[in-house]
Amino acid sequence: MHNLTIAQMIRELRQKTFSSVELTEHFLARIERLDSNYNSFVTVTREQALQQARQADARLAAGNAPALCGIPLAHKDIFCTTGVRTSCGSKMLDNFVPPYDATIVENYLRDGVVMLGKTNMDEFAMGSSNETSYYGPVKNPWALNCVPGGSSGGSAASVAARITPAATASDTGGSIRQPASLCGITGIKPTYGRVSRWGMIAFASSLDQAGLMTRTAEDAALLLNTMASFDAKDSTCVDEPIPDYTATLNESLSGLRIGVPKEYFGEGLNEGTARAVEDAIKTFEKLGASVHSVSLPHSHIAVPAYYVIAPAECSANLSRFDGVRYGYRCANPQSLEDLYKRSRSEGFGEEVKRRIMVGCYALSAGYYDAYYAKAQKARRLIKQDFVDAFKTVDVIMGPTAPSPAFEFGAKSKDPVAMYLEDIYTIATNLAGLPGMSIPCGLVDGKPVGLQIIGNYFAEARMLNIAHQFQQNTQFHDLAPAGI
Amino acid sequence: MDRSEIEKLAHLARLEIRPEEIDEVATRISNVLALVDQLQALDTGNVAPMAHPLDAVQRLRADEVTEPNRRDEFLAIAPATENGLYLVPKVID
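Going down the list, the protein sequences come from chains R and S.
First residue of the first sequence: 0, per numbering that gives the first Met the number 0; consecutive thereafter.
First residue of the second sequence: 0, per numbering that gives the first Met the number 0; consecutive thereafter.
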């Protein structure tokens, strides 16, 4: 059952090959048996899942149930779920039980989706390896001594290990695409403003976006139909019409113009990764696309600009964690200042504290213009590079990550080395564009991802492009040994 | 970054850094700032700062109450409350 795609599960549920309860039991049993190898779940919601599955079976029997009714999935532990701990991978929220659901959680509940549990992640979504979680690191199912990527490491690993058919995730600098690449699965980060951020714990508000981890582009299209919505409660949500993302999956790629940025194939890119990505792009030529070299000349300042903007925004967003209204509070606070300082210092991990301080520095008097304002100007130049490129090409392709999965500890001593993991993904967040990663090969037995960057609100086209690649190749069917 | 700058920054962020950790924190933050200093070389003369990827503006709505009062549910998850108030250590002597 776990080797079926969601598209197949939907058909089988309606043909009564199995029920939602049986499907849910199957995945719950797999999580129980296998997740100690990966540590991809923080909370498993067994009783709730079975209750939701029974309700889904009743709706399916009554007829007219939504497409996703009865399908199980996992939510990254950054999305608020009523009555279910939402930790954000942090000691600060280890005791936080939200009194409300994130909008995306509500959307899925309305459509009869079954929640298996909450997945592990880098603390407060800050990381590229899932090594900073309060709940311990997540292991890559392809190589247990290697990282799954981050921050959505739990979502990626659980889908790769086929202990959940899909998982929600979030991407601020690459946190969906990079782990999807390292774990050999499909990941999509929609256009900024496409999906509501209400109830998604904020890291960097102008960069954060919710998205999906699945095994196929078709499954991502099915899930995006429910995930995307205009939400008045999120003031950065854009009121753009939502197409049926599955309707155009089979359109021909004839005439598609693919731009390949020369800046994404320079120093620092693993040779095996480069070859796998180049071969994937050649596959598109066979499907009728033409390939063009493009330039994104401000690519080299994407990481520096991001490491001003993201920490600055995180320092503001994380100031709400003060031990007063929710979350961790230190023992016996002696004064208000002591309450704030000790609750925060004891509740937050090292990387989070580091980023908060960098953010405070960038925003402090005397430094705001040199850092934050300067980075905001760089951001406009980075966006303009993409706008210019999209005048001559329809879509941009390149590597998602500079190399396949690395070993635990390999980059955690040097923050800057870790930051460079996101070198190809970060500009997309700065520009607010949609991005995907799909598997395109293995290097030394570890997956490589092809990144697809589309124009604003071009998710349907990107999913079509990814689906056609998956109809003509087998990389997305590969599973780690023993799965 | 020197020790006193780190101490000042920690206070702004309401974080406590132990004296024996200050040097390591200073080194790590300096490394990040060195990465970020690459921005200084960029010519941004006539460029307007971009705060939102799509240059969106804040939507407005009518000034009407649309949310229910859920105070008790929110108080229930707080560490210390009394009579509808959040409790903190004494602020005024």
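Fair warning: there could be bad hints in the mix.
Covered, in the sense of this in silico footprint (three residues per stretch, anywhere, with C-beta under 8 Å from a C-beta of chain S), are these stretches of chain R [claimed, not checked]:
| hint | segment |
| --- | --- |
| 1 | 337-351 |
| 2 | 366-376 |
Sample of chain R residues lacking proximity to chain S, with all beta carbon distances greater than 12 Å (derived) [as the list claims (entries may be wrong)]:
| hint | residue |
| --- | --- |
| 3 | N94 |
| 4 | T235 |
| 5 | E312 |
Simulated from the structure, these hints should not be mistaken for laboratory data.
For each residue, glycine too, the CB sits at the ideal point set by N, CA and C.
Structure-based check of all given hints:
1. For the segment 337-351 of chain R, the proposed coverage by chain S is satisfied: 8 residues have a C-beta within less than 8 Å of a C-beta in that chain, meeting the threshold of three.
2. Look at the segment 366-376 of chain R against chain S: 7 of its residues bring a Cβ nearer than 8 Å to a Cβ of that chain, three or more, so the hint holds.
3. Not every CB of chain S lies more than 12 Å from the CB of N94 of chain R, the least distance being 8 Å, so the non-interface label is violated.
4. Remark: the non-interface label on T235 of chain R conflicts with the geometry, its nearest Cβ contact in chain S lying 6 Å away (cut-off 12 Å).
5. Not every C-beta of chain S lies more than 12 Å from that of E312 of chain R, the closest at about 10 Å, which undercuts listing it as non-interface.
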